[in-house]
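Protein chains in written order, with my numbering: chain A, 1 to 366; chain B, 367 to 732; chain C, 733 to 1098; chain D, 1099 to 1464.
I should point out that these hints are in silico values taken from the structure, not numbers from a laboratory.
You can trust all of the hints, since none of them are fake.
Short derived list, chain A residues pointing at chain B, Cβ under 10 Å: (1) T240; (2) T258; (3) G260.
Okay, the calculated bits of chain C under chain D, using three or more residues with CB under 8 Å as the criterion: (4) 878 to 886; (5) 927 to 939; (6) 942 to 949.
Backbone N, C-alpha and C fix where the C-beta goes; we use that ideal spot for every residue, glycine too.
Protein chains: 4
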Amino acid sequence: MPDEARIGMISWAHVHAEFRARAISEIPGARIVAISDDDETRGQRAADRWQVQDFTTDWTSLLKREDVDIVMVHSENARHAEQVIAAARAGKHVFCEKPIATTPADAQRMVEAVRAAGTDGTAAFVSRFSKEASQVKSVVGSGVLGDILLTRSLIGLAGIAEIGCPPEMAAWMSDPALGGGGAWIDEGSHGIDLLRWLAGDIAEITAFTTNRAKPGLDGEDVAVASIRYVTGALGEIATTWSMSADIGMRNWLEIYGTTGTVLMRATDPQPRVEVYRSDQPELWRGWTTPDIAPQSTEPHDYTSWPPHIHHYKREVASYLNRYFTGRRPFGPTLEDGLACLTVIDAGYRAAAAGTRQLIPIPRRSP
Amino acid sequence: MPDEARIGMISWAHVHAEFRARAISEIPGARIVAISDDDETRGQRAADRWQVQDFTTDWTSLLKREDVDIVMVHSENARHAEQVIAAARAGKHVFCEKPIATTPADAQRMVEAVRAAGTDGTAAFVSRFSKEASQVKSVVGSGVLGDILLTRSLIGLAGIAEIGCPPEMAAWMSDPALGGGGAWIDEGSHGIDLLRWLAGDIAEITAFTTNRAKPGLDGEDVAVASIRYVTGALGEIATTWSMSADIGMRNWLEIYGTTGTVLMRATDPQPRVEVYRSDQPELWRGWTTPDIAPQSTEPHDYTSWPPHIHHYKREVASYLNRYFTGRRPFGPTLEDGLACLTVIDAGYRAAAAGTRQLIPIPRRSP
Amino acid sequence: MPDEARIGMISWAHVHAEFRARAISEIPGARIVAISDDDETRGQRAADRWQVQDFTTDWTSLLKREDVDIVMVHSENARHAEQVIAAARAGKHVFCEKPIATTPADAQRMVEAVRAAGTDGTAAFVSRFSKEASQVKSVVGSGVLGDILLTRSLIGLAGIAEIGCPPEMAAWMSDPALGGGGAWIDEGSHGIDLLRWLAGDIAEITAFTTNRAKPGLDGEDVAVASIRYVTGALGEIATTWSMSADIGMRNWLEIYGTTGTVLMRATDPQPRVEVYRSDQPELWRGWTTPDIAPQSTEPHDYTSWPPHIHHYKREVASYLNRYFTGRRPFGPTLEDGLACLTVIDAGYRAAAAGTRQLIPIPRRSP
Amino acid sequence: MPDEARIGMISWAHVHAEFRARAISEIPGARIVAISDDDETRGQRAADRWQVQDFTTDWTSLLKREDVDIVMVHSENARHAEQVIAAARAGKHVFCEKPIATTPADAQRMVEAVRAAGTDGTAAFVSRFSKEASQVKSVVGSGVLGDILLTRSLIGLAGIAEIGCPPEMAAWMSDPALGGGGAWIDEGSHGIDLLRWLAGDIAEITAFTTNRAKPGLDGEDVAVASIRYVTGALGEIATTWSMSADIGMRNWLEIYGTTGTVLMRATDPQPRVEVYRSDQPELWRGWTTPDIAPQSTEPHDYTSWPPHIHHYKREVASYLNRYFTGRRPFGPTLEDGLACLTVIDAGYRAAAAGTRQLIPIPRRSP
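With the rest of the complex left out, here is chain A:
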């Protein structure tokens, strides 16, 4: 098993590169050995900030290095495919920001390339790693909810620029050719991946998209979708880039089961999970808000991150822990990324066509 993780970072186009660089800097054995960015100023500054000697504007040179084990890709969404495929062909493990691509076809090629290379391909579905989402996963796993009937999800924020992301990031995310769409692909990716992880695969979708309040945006700032899961359960997903409710992301999730209900508010000023169990004696029957942060296993833990971004640290820590101990996959897979993108794409097609779209089951290798 490896005793070090030597990471090459491609692009700082997405600010999540910064969060992950910080996480890497706090994990023993891991280090960034090289950074590339076609924005030389931006990339060089990141290299300075994280004390990385090797900076280049040529991402392909980074793949040629023998001292790179893992490539992390934070470029514009439309450029992921080319870079991930090349990295896999160079024998690297790849860690790719979500959405992993802007089309299912690209995502399919990425999956195939990584599969052929035999390396690990991880999709950066960071929302799974919030403490709140982990708690919900445990609640679902405990069985107290019974069969799932209905899910509701809201993922929204005030806008990419509005929450403090750099202007050039807001610019490319507002360009469907680079970002792949608007709020639906960006926020919806979080929502759909969480729902798939917690409630299972999605079989059918209908959707509406619109742009109500972002004149400078070519894509949608509001989208809603209704879904049917393979299990037969139903669900709803709402996303927006024009939310007027404090700052930061609202990631709300509700799962209604035959014998219990769970509500989640992650990345919230007062993050919480609430659970209703009908199997309790009458005296105790009601809503419980389990302790989440700080957990009893980390009292007075001054090394963790603030709650609205702690999941980045937990994600990278989990990824590298699996890398070091050799447990494959190292995280949510590119197959998950493809499956998510397939739902996103079906949502766009449903919104355009006005007809329910069946979700194609991703081809699997034999």
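Mind docking chains B, C and D on chain A? Use the hints.
This is chains B, C and D only, laid out in the frame that chain A set:
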């Protein structure tokens, strides 16, 4: 202007008849003069309880009485049309439990009959009368939300029998021929009427329905819909008759605007409205939970009803107040009932066909 | 066992007479047979409202009636003693508004008179009968809190007049000669009785009182006390008649035990009880808010009262149920009233003297 | 004005040394130049962790260094006085963990020594620096509360060892000779300083202390006090080291004014401030929970600390900012530390004597 309101009650098939009888008993000038019910035992008991002398199993005889000003209809949904139309033709004002019918065609005939008679036709959309919904209406009216972008609505309960309704009521509501469907028509009617009232007319809908946990029910116990308003805003509606989260109805509503957000939890153990206004100075910017009950104008008010049903009292009080003071209409109209049912019907058709349904604009008289 | 409860009501000086009259009117077998009030207008109106034929301004005549089983006393606090003692001597059961007197000496004489008569003497500690307080009692009884370490209690309201009580009631309550003091005796009585009921007898007290914002009041509008229980646990009590926080009473209670904690907010717009149990598995450890209203045993209960006053109905219902079934005592006893008043009196003495007061144990008959 | 802050750290006996070392490491211009600790292993490890070259077991040698501008003292409480006085005499600014001493006499000598030296003496009242406390300070300063009537404060935790502090820290804090007492001096110091800062000086106190659940502790694990402010307002303070309610500190504060109320829950899994203002129009009157974290001025701020300890970073950042810009004092002063300790001491005397203690006004220099 009338100084008394003499009311004939047709049927106790729906327990809301009992709530409204109680409300009538507390309002000066109003009284039930006659009750009809084809279930003689049930009707006679109601007559005894409310000290009404005249009971009959023949509802048509009630329409012939000169001492009846208002007819309130609480029969099985499928029977509303016949009774309301006959009551209108007899020159009576009619107050009809929601959904006002089981088909838009029936509802259209009801609207036309009342219009022809020149009497008042009220649809009993009681959810508008919760204090929480009134508060939300005022918040929307204040303009602080800006343009509405997105709405989310959840209306659910554990089931008709599960919340304590009589078995024979649960039975007819579970029969689509009498009730018109399942959770979607029953709970969705509340949700859609509130959304129309607060956010405007609905132009398009997609939906899914299913039966996940009510084997004895012919209709759906879960439904989800996505909508586009005439304004271009988007929305979602979820309904269920299989909720596992305490008892009673959960009526949750969220309205996201360009400059503010409002969340409502009505008919809840801890009912509340929360408002986010972005126009506040930084020190005060945040979520506000306005005082609702008891209001400052009714301190120590021991005459009001418990919060999970107080809206029935407020609805009947408002209705009779308008009746006594001659302000037409006396409440939400049968046209509202028709418009709501048109959306419900479009939702069922969308769920069956898998295609987005345009909502027909109800024909209006010249 | 009696099949009817014939009640004589002495005085409408306190508005709780009205709540209890309403409760009596809803309970089969119970009725008010006579009302006395030295305010003839006020008393006659009450008699009209509740359809009581016999009204008198002479309360002593009421005690002479053979058709009176129970006397309920709602006169000014300083007059309770005379009336309760006379009623007991007339062989009546007595139900006396809290505080049962304005001095422990009066209270002691009341206890002795009732004991001598062999009738039931009930102190109207209505706060025990809120659903929230009942829930807390059950939580304490379950043992999950372990040994009690600490209690905190806040009872406050905006002022007697401010919450809508009649001016003449506000007037006598503001007169220490009639009311016995200010916020401490009035609100503190609720707090202390709840604490005694839930956490045990009080051994020592220190206190401060002041008048900060009620110029027209001779007594205190704010009081704080620290206490030591007989068990050794400690506690705090704060009371105010000058609260600026919506309307109505705030009755907040916290009990900290070695293995759990319970928080109560009764008579609140969002009433609730929250419980922390350290004996739960990690996944479920956290705060639970048990369902309280509507309870599962009373779904769609349209006969109960609004939450901020429902405890009056529950109190009278419990009292009469015990009366009818012969279970003595019928409610919290005059001994409880004496014990509570002894703590109140010790608090006033502690505030005046600046020294800790031991609470005398009430003399008990052999 | 200085362009660097060279810090000498005396002792890691208190874990807050670690939090402050981390904060220093994140602030440009500041660095720890030397560490002393009589526990050589503990001190050397800290020096290694924070890459400080100079470690000594002799704290006096640290004071002789010319390259030390500021001395931070985190030794056992009883040792603060000797070290702070020596540091002041050596011409150093001193930053001293709270409580600044174990007796008012010691604290008085510390104040005098620093005054004579003309350096800055800061008491580490970190609780003032939580975002929630800052918000409450702004709310009080805005005047919306009117005159303060009543305050309530609860500061508690499960125990020093229970929340994860090192055993040797728990040991000395449990020894009154070294720690100065138990929960009252340790937790009460936070509470009293916050109250003095927010509501003014305290004139009188009564108190009870006990040990209910910590057999190994010589001091108290529960204390309650009632206070009168110089303004005439009243208050209560409860503290415990035996709380059973999740983990970590509960710092709850309530301030009731004539025209408004504010409630604070700091260092809580769901930290929040709630404000009630009676000056709002009826539609908006209610409880507001202002946004606190993340603030709008720090969107996506991945440099801040988790909320249960972020106040340490904010405290040190504020202190050093004032140091660099020459604004004296650099933080809460040793005079504040003395005043707080005087109240703590009066509380212990009140608990022992059973009589109300007047708080002596600290002597001030001419």
